[in-house]
Structures are given as C-alpha cells and as structure tokens.
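When you get a sec, could you build the whole thing from the sequences and use the hints?
Chains as they are written, first to last, in my numbering: chain X, 261 to 646; chain U, 261 to 646; chain W, 73 to 437; chain Y, 73 to 437.
Hints listed in this document are in silico derivations from the structure and should not be mistaken for laboratory results. Be careful, since some hints might not be right.
Unchecked claim - Here are a few chain Y residues that face chain X, going by a calculated C-beta distance under 7 Å:
hint, residue
1, A322
2, A345
3, I353
Beta carbons are placed, not taken as given, at the ideal position from N, Cα and C, and that holds for glycine.
Chain by chain, the residues:
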Amino acid sequence: MTELDDFRAQTRAWLEANCPPEMRKPMKSEKDICWGGRDFTFQSDAQREWLEVMGERGWTVPDWPSEYGGGGLSAEEAKILKQEMKALGCRVPLTSFGISMLGPALLAFGSEEQKQRFLPPIARGEIRWCQGYSEPGAGSDLAGLSTKAEDRGDHYLVNGQKVWTSYADEADWIFCLVRTSTESKHGGISFLLFDMASEGVSTKPIKLISGYSPFCETFFDDVKVPKDQLVHEENKGWTVAKYLLGHEREMISGMGLGGGKGSSLLSEALGEVDDPLLATDLARFDVDALAFQAMSEAFIDQLKAGEAHPALPSMMKYAGTELNKRRHELVMALGGSDALEWESDRSKEGARARDWLRTKANSIEGGTSEIQLGIVAKHILQLPGA
Amino acid sequence: MTELDDFRAQTRAWLEANCPPEMRKPMKSEKDICWGGRDFTFQSDAQREWLEVMGERGWTVPDWPSEYGGGGLSAEEAKILKQEMKALGCRVPLTSFGISMLGPALLAFGSEEQKQRFLPPIARGEIRWCQGYSEPGAGSDLAGLSTKAEDRGDHYLVNGQKVWTSYADEADWIFCLVRTSTESKHGGISFLLFDMASEGVSTKPIKLISGYSPFCETFFDDVKVPKDQLVHEENKGWTVAKYLLGHEREMISGMGLGGGKGSSLLSEALGEVDDPLLATDLARFDVDALAFQAMSEAFIDQLKAGEAHPALPSMMKYAGTELNKRRHELVMALGGSDALEWESDRSKEGARARDWLRTKANSIEGGTSEIQLGIVAKHILQLPGA
Amino acid sequence: MLKLNDDQRMLQDTVRLFMAEKGAISKQLRHWRDIGCKDGFGHSLWEEMGKLGLTGILVPEAAGGSALGQVEANVVLEEIGRNLTPSPFLTTAVAAVRALEGSAHAEKWLPGIAEGKTVAALAIDEGPHHDPSKITMTATRSGNGFVLDGDKQFVVQGASADLLLVAAATDDGPALFAVAPDASGLDIENVTLADSSKAARLSFDKVEVDADAQVGEGDAPLKRALAAGRAGVASELVGVAAGAFEMTNAYLRERKQFGQPIGSFQALQHRAAHLYGEIEIARAATLKAAQLLDEGSERAAMMVHVAKAKAGQVARLAVQEAVQMHGGIGMTDEHDIGFYMKRQAVIDQLFGGPDFHARALAQRS
Amino acid sequence: MLKLNDDQRMLQDTVRLFMAEKGAISKQLRHWRDIGCKDGFGHSLWEEMGKLGLTGILVPEAAGGSALGQVEANVVLEEIGRNLTPSPFLTTAVAAVRALEGSAHAEKWLPGIAEGKTVAALAIDEGPHHDPSKITMTATRSGNGFVLDGDKQFVVQGASADLLLVAAATDDGPALFAVAPDASGLDIENVTLADSSKAARLSFDKVEVDADAQVGEGDAPLKRALAAGRAGVASELVGVAAGAFEMTNAYLRERKQFGQPIGSFQALQHRAAHLYGEIEIARAATLKAAQLLDEGSERAAMMVHVAKAKAGQVARLAVQEAVQMHGGIGMTDEHDIGFYMKRQAVIDQLFGGPDFHARALAQRS
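What follows is the structure in structure tokens.
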C-alpha cells in the first residue's frame, strides 16, 4: 500500500499548497456553487483560481481518462483525493450537468472525436451544459416526446419545445432528445448536442411556487445542428437516455436526500417547543432518517461491489425524496407561524417556507414517486403488468 | 302529534309490562345475542319469553307489513319504539340474517307466496338463515361463482361449495347464489332458498387466526331445491345480490364500527402508561374517531333524507373498518405484553389479542377495503376505468 | 339533523356562485399579490360581501346583520376556502363579532362590519405557536385605564385593521382589549406570509388605553372569539381541501400519460377515494362543531378541537396529494394548485394546528 | 462495508437452507402448537442447531463456540424470523451469552449452550411495558448472599429454562443474578402467548441466593444482554417482515381475481414496492447496528434503538399488508400467514417496542 500512501501524502501537500483558504470554508448557500461556463460570474478570485488549478490537473473529474481532460486516477486514488479534500474542507471546485450527466454518457456512447471535443471543456468548466428531456404534456412519459429533428443532409433541422430545462438560461450547450422517426415510440428518438447560442434557440424561465426559477421553457425554431453532434446512432437515443436516467437516479438517491445529514437529528431541534405530539413525530422521523442513512451506506457499498439491483436506485430515490419532504414538513411545524413569513429580514427571505415548497418537487423531478414504485414493482418484485 | 304521543305512552307501558327485567340489562358478550332458529338454545326463560312476546306483536321487525308478521309501524312509530326500548334498556329481542338481509330482499323481489311463507317465521325467530355467497377462489370477485344449479323440471339440482358462510352449522335455511347459466358472468346467476337439512348439504367450520370459528365451508352434493324457492327470475339473481350487498354495507357502516363508541375516548384509557408517543397516537385516534362518529350521524341523516350517494356506504365501510383496526392496534399497544397472553385466566382467555385479530377481517369481509375504494373512485369520483 | 337545512342550502348556493365568480383566484388572490397590494385583499369585495349580507351574518339584526349562526358562517367560509378568497371575513365577521357581541363596543363596531366597511384583527399569539393559555402580554391598571406591554405576531390583516382586539393578562386573568391601530407606543410591522396574505407583528410599548377599552368581562369574549375562529377556520380548511381535491379530480380525468387518463391508474384512484372520504368526514365533524356551538352545548368545545384537528390534517393530505398528482405543472407559479398548499400551511397554524387541538382534546378527557 | 462479507454469506446460505428445511412452520411452530407442547419449541432442533455450531455462535472457542459476533447472530435470527422457528436462540445464544461472557458463570453455562442443551431465560420486565430503567425487584444483601423479592413477566421460555437471569436492584444499582428455576420461594407460571410461544410470569418471595449468583459486576452484564437482545430481535423482525412479504409477493403473482393476477393491480403494486423498500431499509439499519456493536463503537447504542424501532415498525406494516392482501384465506388458521402477524406482535414488544426505542433515541440526542 506504500504507493497509495505516497499518493495520499502528495495529494494532501498539493491541496494545502493550492487550495485557497477561502475555498476551505463551507459553502453558505447554493450561491456559492461554481457552475463554470462561458458567462459564469465567479463569486471571488479564489473561486476562479481553485477551478483553474483543479481543472488543469483534471481533478474536477478525477476518474475520467487523462486524454479527455480527466485526472486519470484509479478508484482508490479518487477515493483518497475525496477523503483528503474532505479532511481539509476543500469545496467542490466545479459542479455541472456536464460532469454528472453528459460526461458519463459520452464516455459510454460518444465517438472518439466527440470525446476529445467535448470532454476537456467540461473538465475545465469552460462549457456549461443543460439537459433537454421533458416536453410539455409528456410528463412522466419521457419517450412521448415530439420535438422534431429533420434530416437535411449535413445537418438536422430542430423544431419544438422543451420544458423543465434546468438553468437553460445560463447554459452554453444542451444535450437534447429529439424525434427523428415516428415509426416507433422509443425507437425514433435521437440524442443531439448543440450550442444554446445557435440561431432559433430561446428560453423562458419558469417561476415556481417557491418563487425561485431554476427551470426554463426552451424553444427551438429551425435550429440547425451539424450531424457530427449526434451521439450514438440515429434513432438510438433512448438507449443513451435510459443510461443517463439510471445515472441521475443513482446520483439523486446517493445524495442521501432526506437522510439525517451527518448526525443532526430533528429531535435535537425541538428546543423550546413544548409539544409532545410534534416531539413524537420528530423522534419517529429520526428513526427513519438514521435508518435511511444506513441504507444509503449499504446502497453505495452494493453499487461499488456491483451487487446492487439495477432498479435499486428507484427505491432509493423514492424513499429519500419522500423522507426529505417529511423533514421539511416537520421543519415547518417546528417553525410555526415564524416559518410562514415569506418576505421579511427576520425570516431570511422566507427561506424555510421556500425550501419546504422546493422539496415538493423532489418526488416529481427525475421520475415521480409513482414511476419509481412502478419500476420497483416491475423489475425487482417482478409483479405482472396490469 | 297527539297520536304519536299516545303511541309513545302505550309503547312504554307495554314494554314496561312485558319486557322481563333480565332483558333490560346490557348484554355482557356476544353469547347473549338471541339468534332464534329451530335448534337455538335460549340462555334463559326470560330470553325466550322476550322473543315470544315481541315476535307475536311483530316488533322484532317493526316496520315490516303486518300481513308478513311485521309490526306494520310507520317510520315515526318505529323510531319511537326504538327510543323507548333504549330508554328502558330493553335488549334487541332477535338478531338474524333473516331480518337484516333476506327479509328486505324478499320484500323487494319475492313473490307474494314467498313473502307469506318465509317472512313470518323470520319475524318470530323460528327459522335462522345463513348466506351462501362467497366461493373458494372467487374472493372479491363475487360474481365469479361456480356452484351449479341444473334445471331438472320441477327442481334444481345444486352442486358446489360455498365458503365464509356465517354460522352455517347453526342455520336452518340458506339463501344462496348459484349459477344457472354460463353464457354470461353476471347474467347467469340465480338466487335460491333451501333448507340446510336437505339431503346433500354438509358444513365444516373454519378455524380463524383468532381461534374462533364463526364461519363454515358449506358443501352441496346433489341437493334438490324445488323451483318455487327461486327468488326473482332465473338468471337475475345478481340483481338481488347487489341489492343485498348495498344493504349489508349500509348496515356495517351504520354500525359505526370503529367510531368512538359513546364518548369513550382511547386517550382516557391511557391510565398509567407513561409513553408520550403512544399518547400521541391515542390523541390522534380520538380526533379521527370522533370525526368519524360525526360522519356516521351525517350519513344516517343523509340516508333518511334519501340524499346519500348510493356508493357512500362503501366509503363508510372502508373508513369505519380501517379505524376499527387502528383502534385495536392501539388497544394492544396499551396492553403491552399483558395483551399478548392467549391462554390464561388473567387475560380473559386472550380476549384482547383475539378481538384484535378478529378486526383484521373487517377490511376483508363484506367487500375488501380495496373493493370499496374502487367503488368510490368509479361511482362517486367517476374516474375512468384503467 | 347533521346536514344543512333548506335555508342554509340556499345560502350555500348563493355564496358558492358569488365566490366562484367574484372571489376567484385570478380575480382576488393572484391579482392582489401580483400588484403587490399592501392589504392582500380587496376592499371592494369586502363591501360587496357586506351588501350581500355576508359580513353581518353573525351581527344582530338591530346592528344591521342577520343574526345567523356558526353553521351559516361556516357555509361562507367553506366557499372562501374553496376559492382561496382573501378577505377579513374569518377574523372580522366571525371571531371579532363574537368577541364584541353584547359588549359596550358592539354598538360602535358591528354596524360597520355588517356594511363590509370595518376591518378588525385579533392579536392573540405571542410566539410562533398558538397557545392562548400562556398570554404574557400585560394590561396593567394605571389611573383610569390600562397600560399594555408586550409583543404579538401572526395578527392576520393587523396592518389593515380599523380595530385591534388584543389579548392581555390582567390581574383578574386574561382579557380582550379594543385598541386603535394609531395608539401611541404601538408599532405595527406588516408581514407577507407564504400564501401572500398579510399578518402583522405588533409591539406594544407602554400603550395607554381607557378602562372601557376592555371588551366585555373576564375571558369570555376571548373564549368566544377563539371558539368561533377555530370552528370557522376548520370550515375554511375543509373548503381548501375540497377545492384542491376538485381541481385535482378534474385533472385526473383530463391529463393523459402513457396513452390514458392518469385518473385511470388504480394507485391514484385509491388515493383519491381515500381522500374523498377524509374530506367528507372532516366536513361532518366541522358541521357538528358548528351546530353544537349554535346550540350552546357543553360538548361544543370538544368538537371544535376535533374539527380543527381533523380539518387541518385532511387539508394537509389534500394539498400534498393535489400537488403530487399535478406533477410538474403543479410546481409552477402559473398554476393555481400551489396556492392551495400555501394557504393550507398558513391557516393550518391559525388558531392552533392539528397537534395543538388533538392534545387539547386528550387533555379534556 | 455495510454488507455481509463472504464468510457471513456462507453462513447465511447454510442457515437459510437449514431453517427452511428443519425450522419450517409446519415442522416446528404449527407442530408444537397443535400437540400442545409445554415448551413451545423442540429440544431436538435446539440440539441440531448446536451441532451446526449456531447455538455457540457468540460463545468463546474455549467453551466450544465459534466466537463470532452480532452480525453472525443476526444472520441466524433473520432466518429464524423468516420461518418463525421457535427456539431459545435469541435469549439463550445471544442475550444470555452476552450477559454471561467474562463472568464467573461463563464456564458453567456456556459449554451447554454451545451444545444446544442448555436453555437460559431473561427476566427483566416487571410490567406490561419494557422499561429496564425502572427495576423495582430488589436484591437485598443478607448474610453471605442476596434475597430476591418481586415479580417478573414476559420471561420468554421462562418455564423451560435451566437458568434464569434476573435483573434486580441492589444498593449499588441494577444487577443481573443467575437463579435456578427450582429455587425455593420462586413461583413460575407458564403462559402461552398469541403466537403460541411460551413466556412465564415469575414471582419471587424471599428467594435466597449466594453472593456469587450475581453475574459479573454492576449493570454491565444487563446492558450487554439488552444491547444484544435488542439488535438480535431487530433482525428477527426483519426476517418476519421478509418472510411475510415473500409469501405475499408469491400470492400476488399466483392469485387471480377478475381474470387477472391480483399482483397486476397497480394499487397493490405500489404498496408492495413501498414495503419492499422499507424492509431493505430496516435490514440495513439492523446490519449497521450489529456492525457497530461488534466494533464496540459508542454509536452502537443509538443505532440499536434505530434498528429495533425501524424493524418493528416495518414488520408491523409487512404483516398487516400481508394479511390484507391475502384476503379471506389469510384469516384462517390453516394458512401460515396469520402466524406472521402473531409473531410480529409478540417480538415487537420484546426488549421494547418501536415507541420505546424512538423515545430513547430522541432522549439521547
């Protein structure tokens, strides 16, 4: 194990030398996340510097091959890097759908040329990606999409509309499902990449019940997409999409959404609220949260060992998001009428209520709870179709 | 209102003169119920006497026409009788499926001759009836029955098997659904009456998880049933059955199963158990029980006014039985390990545990909770079929 | 009879039409929110409710009202709930009228309420959790009057009110005081809540009032206001639940996924059917509470706890199911269903949440 | 790694086969019940478990055991739960072994346990609700020993035990005493519980024991027994839940209604899928608790509370869904599914129910 010990020592030394002190403090809010991209406004020089040094080393994506801008680390080395970053309190230098979603899809399905062209800018945080999956009216039935891509020789002509495109108004490029054939529902879908600055692309933010607007409607009006930006084969985009959906659920469920984060139990928050009924709910929540935390650990260990059932992420996504919704219901109950204040300094701009409303989307986005239960029933329990 | 006042005074006087003192004490257990029938063993002379005098007057079935052995009372008079019986604490003189189920069906669908033949012995408690609906393997799909009745000229030849026949081993006659045609599922069912003493009828009690055996399997082996014991037309038995099912649900839901009986709240029973979590569950149960009690009152008033939706009994049956199951779960929790004792004097022969297990059938018998929810979804909410 | 009588049904028909038309979300709640109205409701609607006889529903005939009861007030509140109509009806026309009735203040204030002109607010809560048994605000005798000291919060429409009814502890126990919003030493902070309604935080710093500022005698006015307010908000919650449910049920029939209406999926059918039953039960419990109040029954207080607890619990389930069953569209501000969730959260806390009332019920027994 | 290692999996495979074969409901639970066996379990199976090395799973190698840990004990208990196999494993091979280990009594009793010959019982509860923090039974110093006075109940297999481990309050706090079942002044009432298992009520009337009857020192042996018993019964509950669920899942596929398997009805599918997840979560929590116990972690006690509470709650849901989904057949004594509901109810209370442990967790925090 000497080699790994060496790697650990070197890593720690490098991090200590290169991670700006400001980037070793915990993030205060979502605003401190570094998303990168052409138009990204860095919160500070330290944030920019930290992205640059990490991006240069490929440590924004430590386990990607180094020829595509990754760190080229083995699984053990990547784990050590993570541990050392955690030990020093280093912030994640870059968060993006390019890293978490498109990258893995390109590594699995992209052509050599596509990998060389698209992966390094993702690793360096130069291009920010968004995901064009959902369409108005399609809802849970993702494959029921109608955005059309017509073959025009050297390019596709894309027309249609997407919805729930996260941060489409801030993204540089989009990876997008389009219909290239109407002969088969799942077999007529293709996976395209294109620049959001292309002529004919426009976005409109969607205001949510929480008052935030993290999503957009995105419109395509005669957008020209060169054919070399098709990933995998034409009409085989659903294969890529399914791969990504599984990946997304794994990611969401792995985040331990709703778990007792660290050891913070809700019953500790009871404080002065002298209500035995609420105390009961908090105590029972803590049982469920800590049990789910154990399950998250077991899930990750099963994933690592390749022993997790492919549909297990659906169970995790369902259980985790429902738990998180319950957590926020309890936070609201703890807060009483204070927590209902929406616009006041005292209420931190209504953060409690807005966050609570935000959680209601947890069990809808990334596949509803009902969809996840259906997947578990079908693929794990192997119950017959109705 | 002088006439009704007179009726009230006369009724009270008659009850005072004729109801034996012993029959004015509350029943101690199910064993005190008077079921009547050819082989019924009366608990006491008083019980027999009470049945006789009430039966003679037709007050076992006060609102049935007097020509069929009923009391011939108007709705107002019947209500007054009920109130006065309650005021004096008089026990119900006779309980039977003949009164609660077959009687109403015969009044609605029976021939004149059938009414004259069968109703008076029901009113006098001379014949005890049981119900032959369910069959092994049919479960919730009542119409999926296969007990066969072949036309043999002047009689039907019945072969097959019923299950869940309540007290079949103690009943004198059965009202029974049989298949007279296989051409249509619902349209091939007929409604027959026959004597359980007929050749070819045998019964076998079913032991339940509670240890009790209130139900039987009932076997028919070449049983001959004269044709004048067919109720309504051949192949139209499902109409009678549906009428009775509605009636049964109304009865079950009207019993206020699971409601806080009287004003006894579970939280009063908390006593020395110093457990704030259990106290929470009891307090919440009491809210639900008292709310359901109000709903039962509203339901009965709607029924009386003819304003209840025909499917409302399904909602009541569902809510009431689920509530009753919850009540008994809480009674068990209150009892702790004491309540788990099954055979000991101290535990009253395991009454708490046995009653708790008994409640588990509430949401299965008379149409499962799932069936009731389906009925509400279809007939009240008018949601489309899947 | 635990159902509405013919007169009450006629009232229900009238109010249902009126609120669906004039009180609709697009015309009231969303409108006032989008223009940033400081009151959060429309005075013109309040006056129209006055003309229709609604604001005076509990006001004696001599003062221009119709002297009806809690059952009738609740009929109005269920429709307000169904349409999320912002108005001072609950606190002014129900709780405040009950507080003022029979007191020396009645003559002054009730006619204006019956006309839909006056707005009153109740200042009871002092912390984030309703608990009127622990009022710490003091009303100290001083000369020919009282001095009020302390803080209040969650005072619904407190910044729009012509009259503040303030609960404070006197030497003789808790009492209610009528305070003018411009009283010296009184600071009013207008706060926007999650449902875009307005509530105020009040701060009383040696606020002097006359002796006759006290409303009625002892804690009876406060208790009447609480009982009427709680029973009333229970009905509003039933209306919120029913409104959300009706909107959802329509969506279940109309919205298609995988080639069929989502309402044909059995899992959703069973959840909808369960919810239907719960709403019916909550409505029955609320009607029972209102009837008992109108009868002056001693069982009324118990049933009010049941009604508020049950209605709160059911309305919560209803809005959660509604938002979940609407899927993504339900998360957008553009769609109305989200408003139901926000309103439920606010009025769930108003006059005490389900836990407060379940506990109160258990402690009575 | 929060999963079983290869050795633990081999053990699991072995025990799963053994219990499914030898420990099946028809051969053990139903058999002993139907013949009215006074012990409620079979001594021959207990001996076979000894030969297979199961009863000595926690016993040190010197005493004939394999000195494995809670994780391994739990592997056995999950299979016991799945088959509802009656045996003294939980109290004897797990809780009692942990209580006795390292004490002067170990040498005398552990070899017999490892052979599947000795049966031990734990006498802790004094009222219907588990609460070992309030032991009122007294062990009073007297001469060269103690005098025990008080009552115990829910002493699992108390009437079949060779050794009773009795919790009593001494001047120095609670302690555990080894008492012979034939001690003078001790009355044992054998009680049949709802699941046909046997527990005893013990009554101690001036029962004299030697000073060395005390097991180990202070309350450590009692605490070890409780921790091991609680973690162990959590695994048994997971097994009960999993067994009921597997039986139900098979039934959902095979049973037809309205022309299709009932498992094709979406409402049942979603409930089954939810339950599946809950069982997985309960299993993970239980494994975590066992691992932490084996590591001697200070977080173990907390996680044991979580495991017992979660497993209890999930097993309750599992048996309720199982019985409901089986419909009428599930209500008959002839069908095995009802046994799961009865067993769940009994072991849910054993070593404290979900509420006890949720509360204990909250009070720690």
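To see whether the hints hold, each was checked on the structure:
Against a cut-off of 7 Å between C-beta atoms, the interface hint on A322 of chain Y is violated, since the closest Cβ of chain X lies about 10 Å away. Interface hint status for A345 of chain Y: upheld, as the beta-carbon distance to the closest one in chain X is roughly 4 Å, under 7 Å. About 4 Å separates the beta-carbon of I353 of chain Y from the nearest beta-carbon of chain X, less than 7 Å, and the hint is met.
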